[in-house]
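Turn these sequences into a full structure, and let the hints steer you where they fit.
2 protein chains.
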Amino acid sequence: MRPLALSKAYQLLEPGPVVLLTTARKGRANVMTMSWHMMVEFEPPLVACICNSANYSFAALRATGECVIAVPARKLASKVVKVGNSSGRDLDKFAAFGLTPLPAESVAPPLIAECFANLECKVSDRRLVNRYNLFILEVLKAWVDPAQKNPKTIHHHGYGRFAVDGAMITLKSKMR
Amino acid sequence: MRPLALSKAYQLLEPGPVVLLTTARKGRANVMTMSWHMMVEFEPPLVACICNSANYSFAALRATGECVIAVPARKLASKVVKVGNSSGRDLDKFAAFGLTPLPAESVAPPLIAECFANLECKVSDRRLVNRYNLFILEVLKAWVDPAQKNPKTIHHHGYGRFAVDGAMITLKSKMR
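In the order they appear, the protein sequences are chains A and B.
Take the first sequence: its letter number 168 is residue 172 in this note's numbering, and every next letter is one higher.
Take the second sequence: its letter number 115 is residue 119 in this note's numbering, and every next letter is one higher.
Worth flagging that the hints you see were computed from the coordinates, not collected in a lab.
Just so you know, not all the hints are guaranteed correct.
[To be verified] DSSO-like mimics (lysine-lysine), calculated; alpha carbons at most 30 Å apart, straight line: (1) B:Lys145 - B:Lys79; (2) A:Lys156 - A:Lys126; (3) A:Lys153 - B:Lys145; (4) A:Lys156 - B:Lys86; (5) B:Lys176 - A:Lys86; (6) A:Lys178 - B:Lys12; (7) A:Lys86 - B:Lys12; (8) A:Lys86 - B:Lys145.
[What the hints assert, rightly or not] Coverage of chain B stretches by chain A, computed from C-beta distances (three or more under 8 Å per stretch; other residues unrestricted): (9) 52-66; (10) 73-87; (11) 108-118; (12) 156-164.
As the structure is a computational prediction, the values presented were derived from the model and not from experiment.
Glycine residues also receive a C-beta, built at the ideal position from the N, C-alpha and C atoms.
So this is what it looks like as structure tokens:
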């Protein structure tokens, strides 16, 4: 993994890929699948996400205020679904599904080696947690894997149907 | 346009497409391009979005509490960029870019005829508007255009680069 400028972190999440979210509590790491996230601010990068209170990860995220958002490419799709269909309450998902935790720099939850990008985050606003399970996260450090060129991400349409990134098009734009 | 069950509305936004957001104020409709949105709840469908206060649409959304989220397919990409690169302060974007406003059922802002899906929304929570320009919207009514089969959406990677939906894959999943 090599560091990515925080000013570019939004380019990873704005396209709406399915991501993995890691947490760590009492020395034990966990990972969940998440599609409900969005950018909130460019820099410092702020991200909003919904982590349902029914998820085992919710209590860890709320208690520790730390997570890593890891972005998987197409080749990890079947692992992403397995992660989403199981609970860390019963299972070490890293071991069960062959995902490799790597130490993060500024938070306790691990990066995921197989993902092409990893964002170390801390919870920066909890005002909408009780009402909507909505966390505002600040991205503290961003990493990308230079070995994964032009990764294709996956986008969940419900019930295990995913759109895989197809062609890239570039249009003249003033939009950042 | 035919109505879509509100329980399925999340399937339109969860994949993270670029969308158009319409507003109406003092009898005048406007439209902006938006990528920073996420689902918050399945049903009634709640959506969070960031509408920057620098956008002309911001004041209309805040004042009226109403908008329509319209989802464009690939063929509208160049219009989507033009909408994003101009301001309703100076321009009637519907006329300028050949987008057709259609009356909505429950809100004043129009649907967009050329988009394959339209979601009529009202603002339901303003607590994070001042701090983050973050609006919580409730989807009141959802529409899809049955004439547009298997629409490919576009996903913004920054500076006018978009990933177009490619292959659809289906994996066995318990995830809704």
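Taking the hints in turn, this is what the structure says about them:
1. B:Lys145 - B:Lys79: Status holds; Cα separation ~25 Å.
2. A:Lys156 - A:Lys126: holds, 27 Å
3. A:Lys153 - B:Lys145: violated, 41 Å
4. A:Lys156 - B:Lys86: holds, 26 Å
5. B:Lys176 - A:Lys86: holds, 9 Å
6. A:Lys178 - B:Lys12: violated, 34 Å
7. A:Lys86 - B:Lys12: Given that 30 Å is the threshold and the Cα spacing comes to 23 Å, the pair holds.
8. A:Lys86 - B:Lys145: The given pair, whose Cα atoms are some 33 Å apart, is violated under the 30 Å limit.
9. 52-66: holds (count 3)
10. 73-87: With 3 residues close enough to chain A, the hint holds.
11. 108-118: Violated, because only 0 residues of the segment 108-118 of chain B bring their Cβ atoms closer than 8 Å to Cβ atoms of chain A.
12. 156-164: Coverage by chain A holds for the segment 156-164 of chain B (9 residues, Cβ < 8 Å).
Hint compliance for this structure: hints 3, 6, 8, 11 are broken, all remaining hints hold.
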